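Go by the hints and put chain B onto chain A.
Taken in order, these protein sequences are the chains called A and B.
Heads up, the first sequence is in our numbering, so the first residue is 171 and it goes up one at a time.
Heads up, the second sequence is in our numbering, so the first residue is 322 and it goes up one at a time.
Please note: incorrect hints may appear among the correct ones.
[Unchecked claim] In silico contact screen, one side only, chain A against chain B (beta carbon under 10 Å); selected entries: (1) 248; (2) 251; (3) 252; (4) 267; (5) 464.
Please keep in mind that the hints were generated in silico from the structure rather than gathered at the bench.
No experiment lies behind these values; they were computed from the predicted model shown.
For each residue, glycine too, the CB sits at the ideal point set by N, CA and C.
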Amino acid sequence: MDLATILQILDSTIRLATPLLLACLAGLYSERAGVVDIGLEGKMLAAAFVSAAVAALTGSVWIGLVAGIAGAVALALIHGLASITFRGNQLISGVAINFLAGGLTVLIAQNLFQQGGRTPSLTGGARFTPITLPFADALRDVPVIGQLYSVLLSGHSVLVYVALLSVPLTWWVLYRTRFGLRLRAVGENPAAVDTAGVPVTGLRYAAVIIAGVLTGLAGAYLATGLAAGFVKDMTAGRGFIALAALIFAKWRPVQALWATLLFGLLEAIANRYQSVELGGIVIPVQLMQALPYILTVIILAGFVGKAIPPRAGGEAYVKER
Amino acid sequence: MERMPKWADAFLVPLISLLIAFVISGLVILAIGENPVEAMRIMVSGAIGSSYGWGYTLYYATNFMFTGLAVAVAFHAGLFNIGGEGQATLGGLGVATVLLSFSWPHWAVALPAAAVGAALFGAAWAAIPAWLQARRGSHIVITTIMFNFIAAALLNYLLVNVMRPAGSMDPSSARFGAETVLPRLHEILGLVGIPFSRASPANISLFVALLACVAVWALIWRTRLGFQIRAFGKSEPASVYAGISPFRITMYTMLISGGLAGMMAINNVMGEANRLIMNAVEGAGFIGIAVALMGRSHPFGVCLAAILFGFLYQGGAELALWTSIPRELIVVIQALVILFTGALDNMVRLPVERAFRRFGRRSA
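One chain only, chain A, in its complex shape (with noise of 0.2 Å):
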């Protein structure tokens, strides 16, 4: 395998991590204010619909990515009052919402578009194109440093760098800022939070919120910057390899980028090569794909180090009289 490939493997592993991060920190946001959110998956797929509907009718990406972070915010509304005002289940509430989404998306794409629901294919404006990075040109030819600069971080949509800002954003939000502090108390401990003057529902309000617009943003990405449109069921379980990899991350945001690189590396592997020979015996690409999930259930079992999610999590809160 020569550099040339590698770099191509790296790049694709850019690409291809950049929406399970931004729905991962979605997840992070919610969990940690105790809102467990198995929804992730259905809130990817509307924005990722609608982003690309509105871009198609609009030509305009810009709108088609706000209006695909509004639906996605519109699904996660739903999700605060099932689990923050009616104290409903939060699981049972978030298999609701990637029902409604695999549905209507469909519906609604097959009533605008007549495709057999999936968007026009979009192009021109109606998509992110490339960034190229200052010097990234310049540098092309300055042997591995350059290479790594112009080719694996020049060169991708802007929501890629969106989605890497967000892990020192987010970092910084949670351990450097009042409201991170109380978002994670609430995910621990909603009654200490209560008591000290601070409403919970409107935390919990806000993190749900924070996690429509994250992966409004990582499903206008999957339809508008790596793909160009929408066809149906188009996240194909990217929500939960998020879910997999907040898990893997023990719910901390640097991690999270960790984690997801990993598993956009392995999806670029299985991408690009049927089987894999590793010393002598052959893995098959079947292995790969479920190697995801094998390695959250290894990890969430605690073999390799323990993941303890928030201790308030999944529990509607009650207020004391």
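Below, chain B without anything else, positioned relative to chain A:
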């Protein structure tokens, strides 16, 4: 605080939730420019207007009874088994393994064996998440989701690389053999002189599913284990205090749950396809969640809800055939049912409770 009467809890609240879900579904149909009344007419005539439609409705209902019971049993123990899809996939593998390993002389011998194989494989697939929850504390919801994906990948691998007959391009197993073909509903009803469509896939598995409903009812409300499962589901600390082992209950419940989900395979794999194909479960494992929620985890409710979803499934297929409404409408209805009977339960329950309280005070 006076609670509402039992009948309101068991029937009125789910009925109102269901009504809301259907009204919104109607609005969705209206929004995409179709006529909801006409859509309903097509669904009714397509799903229950002929014995052909009934055959498909009951075929789907059989699948949903198994997966619905699987979710319901786990709910009683306070466990949420989202892994019905994977367990049913493995159940199919169990059926195929049993039926391809021997040359069976007659379906009556093959059916119990295949059912046991399906249940064992499904139970085994549920046992790992159960064990991980009970011994290692990993959340069963996440692990069962992961196991759905792993099951899909595993079956994909086995069908492409192992089970595919030589020379076949199709990623599916060999046919099981003519002796193992299960009697279809028209043959069974023909015995008592009732004419029934010959084209529909409903088969003898329907009766196995109905038997399973009765068996689960007996298990939950008439056995010691059922009592322990319910006690554990109501309050884990209290049940531990009463000497019930959380490990034992988690394992037993999930083994039963996975076994039931796996047994779906006698209907779709053995009864319909007569070979193991890719993605044979078609989301029935997830519909089990909606069925269990709507049926309030009671086997009788699950049975009714499964027939309703069978109706929706077949009706939705007819709708896709005759109108421009795609099949995914059913997924939307399914989502709304899960949302309103499950997650937004309190939205309906609390006002109903309040109404009963006010009414109760006035009459007292």
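Do the hints match the structure? See the list:
1. 248: holds (7 Å)
2. 251: holds (7 Å)
3. 252: holds (4 Å)
4. 267: holds (7 Å)
5. 464: Residue 464 (chain A) check passes; min Cβ-Cβ to chain B is 6 Å, inside 10 Å.
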